[in-house]
Amino acid sequence: MKCNFAGSLLQGYFDGELSDRRAAEFERHVGHCSHCAAELVDLDWLSGRLQLTQIYEPAPASLRRTINAHLHPIAPTPVAPRPLLWQWLAAAAALLLIAFVLWIVSPELRSDDYQAELAGEIVDAHLRSLQPGHMTEIASNDERVVKGWFDTKLKFALPIRDFAGAGFALNGGRQDVVEGRLVAVLVYERNGRPIDVFVWPTREPDTSPRAGSRQGFQWVDWRKDKLEFCAVSDTAPAELEQLNRLISE
Amino acid sequence: MSELEPEERVRFEQLVLPHVDAAFNLARWLLRGRADAEDVAQEALLRACRFIRGFHGGDARAWLLQIVRNTCYTWLEKNRPMELSMEFDEEIHLQACATPETLAIAGDDRERLILALETLPPRFREVLVLRELEGCSYKEIAAITSLPIGTVMSSLSRARRQLHSALANPVQKGAVREV
Chain A
1 MKCNFAGSLL QGYFDGELSD RRAAEFERHV GHCSHCAAEL VDLDWLSGRL QLTQIYEPAP
61 ASLRRTINAH LHPIAPTPVA PRPLLWQWLA AAAALLLIAF VLWIVSPELR SDDYQAELAG
121 EIVDAHLRSL QPGHMTEIAS NDERVVKGWF DTKLKFALPI RDFAGAGFAL NGGRQDVVEG
181 RLVAVLVYER NGRPIDVFVW PTREPDTSPR AGSRQGFQWV DWRKDKLEFC AVSDTAPAEL
241 EQLNRLISE
Chain B
1001 MSELEPEERV RFEQLVLPHV DAAFNLARWL LRGRADAEDV AQEALLRACR FIRGFHGGDA
1061 RAWLLQIVRN TCYTWLEKNR PMELSMEFDE EIHLQACATP ETLAIAGDDR ERLILALETL
1121 PPRFREVLVL RELEGCSYKE IAAITSLPIG TVMSSLSRAR RQLHSALANP VQKGAVREV
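Residue numbers (my numbering), protein chains in the order written: chain A, 1 to 249; chain B, 1001 to 1179.
Next up, chain A with everything else stripped away, as it sits in the complex (with noise of 0.2 Å):
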């Protein structure tokens, strides 16, 4: 016969989880029933065999190689000759217009200044929601509710889903302003916590996320298919991944 005491309780106790006062009223409890007595021992054996025989997989040491090589890399070391100064001159101009064209066509190359510009300003209006009644101006984890009311709102479409399957439940959206325009917000809840989402069209092409902090908040920024994202939370950065793997799939 089962006993009330076994289950989450018993495991608890084996495991050192419990309070000194449930501990002993455990305690007190195992020594007049043979049922939690027995589970005691089984669960004992069980850990023993697991601990004896020594299942626990240390890492190869290829693993810790890539690792440190990754953290270390090799700089190449110069053979040639001292170049002559008229080589050095030619090599110098050479490098110049590399720089002065590369600084022309790619924009991508002087984005991290502007990164960090945009991040602080998300992170601002993040901070701003946070404050009561600034969180959602449509508050509903109806999908097709919250899409009809940025359809009346904004002149883009946006992929709106909600993933509390996968712990991220859609709490609704709101509009905000960003950089002096007009950005659709999603607001998600993970563990209580509320993450927004950022969205607004884009004309660059798509990039896999990049992710910062700034003032204690996470954000993770992405482009896909015209749209530009950024999810920005006090969660675990390794969250807010997730969160923009649901999104892009």
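Simulated from the structure, these hints should not be mistaken for laboratory data.
Heads up, some of the hints might be wrong.
[Said to hold, decoys possible] Stretches of chain A that chain B covers, calculated by requiring three or more beta carbons in the stretch to come under 8 Å of a beta carbon on chain B:
1) 12 to 23
2) 57 to 65
3) 203 to 213
4) 228 to 242
C-beta atoms are modelled at their ideal positions from N, C-alpha and C, and glycine is treated no differently.
Following the hints, position chain B against chain A.
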């Protein structure tokens, strides 16, 4: 990792590198193989390297293992989606794969234990590995798996019961049970 600032590299080396074994071990048990585990653990570590800037102190092992776990599940979803759906019919699966008979044929104790552990559904396998091999507290397991503590406890309880019955049943066939 040329974009890594020197101080970030030092932080990564001090905080994350001590847990490379833990990262590999978790991946090995979630993916049930060393070769895949090495690839996925490597991917997770490089990801941790990219995100070290966003790690503001706290439990570095739990932070890393959370990334390892997510990377493993993404990999499984992509490469072996069947394995993740099996948790819905865990009982059937256990009967099909780790019956006392199949376990009895599986050579020595160590092999038998590995087979029994590998045939548990991944959600059960991970809590057992984190608790028994990695020595994580319930709170740490909850942080790593993003599960509520109550779910951690009940998963652990069911995982232990399944593993115990898979291992202990052949005993009835005459083997000697060591306590």
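Outcome, coverage of the stretch 228 to 242 of chain A by chain B - at least 3 residues whose beta-carbon is closer than 8 Å to one in that chain: holds (count 6)
Claimed coverage, the stretch 12 to 23 of chain A by chain B - three or more beta carbons nearer than 8 Å: holds (count 3)
The stretch 57 to 65 of chain A covered by chain B? Criterion: 3 or more residues, Cβ-Cβ distance below 8 Å. holds (count 7)
Taking 8 Å as the C-beta cutoff, is the stated coverage of the stretch 203 to 213 of chain A by chain B satisfied by three or more residues? holds (count 3)
No hint from the list above goes unmet by this structure.
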